[in-house]
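From first to last, the protein sequence lines stand for chains Y and P.
Here the first sequence is numbered in UniProt numbering, starting from 1 and rising by one per residue.
Here the second sequence is numbered in UniProt numbering, starting from 1 and rising by one per residue.
One should not assume that every hint holds.
No copy is singled out in the list; a pair is fine if it fits within one copy or between any two copies.
No more than 20 Å apart at the CA atoms, straight line, and that leaves these computed lysine to aspartate or glutamate pairs for DMTMM-like [said to hold, decoys possible]:
id, residue 1, residue 2
1, Lys17, Glu336
2, Lys166, Glu241
3, Lys297, Asp362
4, Lys284, Glu245
5, Lys116, Asp362
6, Lys166, Glu221
7, Lys162, Glu45
8, Lys162, Asp73
9, Lys20, Glu332
10, Lys17, Glu91
11, Lys19, Glu336
12, Lys246, Glu56
13, Lys358, Asp101
14, Lys17, Glu180
15, Lys200, Glu221
16, Lys340, Glu12
17, Lys60, Glu221
18, Lys115, Asp379
Calculated directly from the structure, the hints in this document are not laboratory data.
Please read all numbers here as calculations on a predicted model, not as lab measurements.
Number of protein chains: 2
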Amino acid sequence: MVLLREDSTKIEIQAIKAKKAAKRLSILSTEEKNQALTLLADQLEAKVEDILKANEIDIKYGRIEGYSEAYLDRLTLTRERVFDFTSGLREVAKLPVPVGDTLSKWTLDNGLLVKKVSVPLGVIGMIYEARPNVTVDATGLALKSGNAILLKGGSSAIFSNKAIFKVIQETLVKTAIPKEVVQLIESTDRTATQQLFTMKEHIDVLIPRGGASLIYSVVNEATVPILETGVGNCHLYIDREADVEKTLNILVNAKTDRPAVCNAVETAIIHLDWLEHNKQALIKTLKDHNISVHADKKAAAVIPGAGLANEEDWATEYLSLDLAIKTVTSVEEAIEHIDKYGTKHSEAIITENRKTSKKFMDLVDAAAIYHNASTRFTDGGALGLGAEIGISTQKLHARGPMGLAELTTTKYIMIGNGHVR
Amino acid sequence: MVLLREDSTKIEIQAIKAKKAAKRLSILSTEEKNQALTLLADQLEAKVEDILKANEIDIKYGRIEGYSEAYLDRLTLTRERVFDFTSGLREVAKLPVPVGDTLSKWTLDNGLLVKKVSVPLGVIGMIYEARPNVTVDATGLALKSGNAILLKGGSSAIFSNKAIFKVIQETLVKTAIPKEVVQLIESTDRTATQQLFTMKEHIDVLIPRGGASLIYSVVNEATVPILETGVGNCHLYIDREADVEKTLNILVNAKTDRPAVCNAVETAIIHLDWLEHNKQALIKTLKDHNISVHADKKAAAVIPGAGLANEEDWATEYLSLDLAIKTVTSVEEAIEHIDKYGTKHSEAIITENRKTSKKFMDLVDAAAIYHNASTRFTDGGALGLGAEIGISTQKLHARGPMGLAELTTTKYIMIGNGHVR
Chain Y
1 MVLLREDSTK
11 IEIQAIKAKK
21 AAKRLSILST
31 EEKNQALTLL
41 ADQLEAKVED
51 ILKANEIDIK
61 YGRIEGYSEA
71 YLDRLTLTRE
81 RVFDFTSGLR
91 EVAKLPVPVG
101 DTLSKWTLDN
111 GLLVKKVSVP
121 LGVIGMIYEA
131 RPNVTVDATG
141 LALKSGNAIL
151 LKGGSSAIFS
161 NKAIFKVIQE
171 TLVKTAIPKE
181 VVQLIESTDR
191 TATQQLFTMK
201 EHIDVLIPRG
211 GASLIYSVVN
221 EATVPILETG
231 VGNCHLYIDR
241 EADVEKTLNI
251 LVNAKTDRPA
261 VCNAVETAII
271 HLDWLEHNKQ
281 ALIKTLKDHN
291 ISVHADKKAA
301 AVIPGAGLAN
311 EEDWATEYLS
321 LDLAIKTVTS
331 VEEAIEHIDK
341 YGTKHSEAII
351 TENRKTSKKF
361 MDLVDAAAIY
371 HNASTRFTDG
381 GALGLGAEIG
391 ISTQKLHARG
401 PMGLAELTTT
411 KYIMIGNGHV
421 R
Chain P
1 MVLLREDSTK
11 IEIQAIKAKK
21 AAKRLSILST
31 EEKNQALTLL
41 ADQLEAKVED
51 ILKANEIDIK
61 YGRIEGYSEA
71 YLDRLTLTRE
81 RVFDFTSGLR
91 EVAKLPVPVG
101 DTLSKWTLDN
111 GLLVKKVSVP
121 LGVIGMIYEA
131 RPNVTVDATG
141 LALKSGNAIL
151 LKGGSSAIFS
161 NKAIFKVIQE
171 TLVKTAIPKE
181 VVQLIESTDR
191 TATQQLFTMK
201 EHIDVLIPRG
211 GASLIYSVVN
221 EATVPILETG
231 VGNCHLYIDR
241 EADVEKTLNI
251 LVNAKTDRPA
261 VCNAVETAII
271 HLDWLEHNKQ
281 ALIKTLKDHN
291 ISVHADKKAA
301 AVIPGAGLAN
311 EEDWATEYLS
321 LDLAIKTVTS
331 VEEAIEHIDK
341 YGTKHSEAII
351 TENRKTSKKF
361 MDLVDAAAIY
371 HNASTRFTDG
381 GALGLGAEIG
391 ISTQKLHARG
401 PMGLAELTTT
411 KYIMIGNGHV
421 R
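Just chain Y, same shape as in the assembly:
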């Protein structure tokens, strides 16, 4: 128990140091921040062999643990992947700084000047799983937006994260940035995590990035405000008036381009009339792309080899080549299904009817809604928003891809001359 207490104290000390460092960071110049980002990119490239060696240890343990190939793939670093994230850092260095702007400004009748200015959030707690690239991406976005960051990566990536973190620390001491702006939380016990989730005084926001169970536990246990990311049970509604070629292209792209990501489609909702007229083309497409179908009775009767979907299928983010198929007789029925099972991430409608698409876009409640386009575009880079720290599926503060602006808040500044009310 003494160990746990010492450990708990350690996290609290880390958070307090982060808060102080954030304050010092907030008054540094953009140039100082950009220099640090560029230097960090240089240093990570120079130390790529060390990072890859550490990563090999994680992979070795991962194989012993029996992780899936998909999981090991997310965990694996290569020279190319490291250079991908260093070029990401260089991109972030080029983006405009999102803090210190006067967003609006007015003078009251009594002469009091009111300004609303953008400021950093303060201290970000980043909680993530297998991907070591988050250690670099999140560090870059936090630094640029003037925030301190506490990194709590998954234990499966601990050697990789430590190697990357070592480079970050060695770099920061050579710059104007206080090194406590970026800290790695190494303890993995329950008490430490609980503390991280509830240190409202010292941590301004938690960003969980990972699977449904990680996000669920953060949402349920945290009192620190959260930017919820990622779970995407996305739907593609194929309307009665959907163009066949567009439909099949989009279905294949949304399902098979990268099945393991959150913006992939998990359920196709198909209007019965469309299904009847286009079943042969659909069956061929599904077969050609090795898509495993879990269908309701009406669709299963038409699609050879389809399994029968149950309640769980409608709610599942497969993250694989599995696809649920639900048939409907109206756009309203499709919307009702999405209301019930969607995770408010990305939803698409294929139709040539503008009224139908308008109804869908007005009534579906999600971060991103597509008409005649693939859900795969829900991504900061793909939508032209710049680097992203995650995709918000909540409604408060940020919705959809979150970049630098989403890591800021505001302050009202009032300047008077003895003004009283």
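Chain Y is fixed; fit chain P onto it per the hints.
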């Protein structure tokens, strides 16, 4: 136990109905919403006697319960107070609707059109205490911004709230607005409250408005995202270079104008040099305005009748004519004290030195920061922001006074022509 289960189910049914009603509300026209707001104002005025009679019962029970006079004052309705909040409704009817706007819009190189539009949050859970005016104010803001609202007022105001709610329901059935858009939660047991706090599926945001203990319990128990409001342990820093007349005017206004509100000052942090030069004027002012002083040793030695402040005083939102006084020898020391005890609401500095005020405004972390002005201006109306549903002391989503815009979120709408990634 059966009763509790029936009761729990009732709240869930209310929330589901609210969600459906919100969807129907979201496609109504601005005119229909404004007509409903105006009609509601008319009807509340017509039924003012019924409302006042119901309020008398709350007051009677309140006296039996032994509530403080300040509490009873917040609970009390008069003809004038009712007409105040109906004129508030008419004001809200005149404000522009904050939803349906295209906030930004661009076309990607591949031709995909991207739009970011403002949309209602959905269902708001409003949790409040003694003030029956919140029942009307929150209803008006919710309707105008296209949101449904579940009202959970304090049991001490239940007769008043029910009488007001009756008028709301009788009015809504005469309009295009589904009456389930506004619902009163009458059950007061623990299970019902727990459900309200955790129905993430059906409720989009909880807004607690009331004392520190109410807000604490919501923050600690809720999994539904929160817009935290109101606790204001506000400070007035009187710098070495503070103008005496401005200082005393602002101190009196910020402490005594309405001591029971969240933007009143609770602690004066005084530079020792200023105190030494201006003690006579300060002592006279404090005495003339019946301000009870809880001071640190150095200030207590100078101010006759001052009690000695302890740790608790620095952290207390007195909401009375009590004032804590802390002495410092630099602006940095003042900022450190605010960092430790402030609630990130409103903080003020009085100084003629621009560099000192800039440092204070840059480094103090709060929703509203004042230079040579009273903290009493932190209010939607006073700052020219229109009606407010509360003052946010959190950093995510909204900071400071929250009006109609803060009751909205966004959606990305992408329009393609078969676009795939």
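Tell me, which hint numbers fail for this structure? Violated hints (numbers, rising): 2, 3, 6, 10, 12, 17; every other hint is consistent with the structure.
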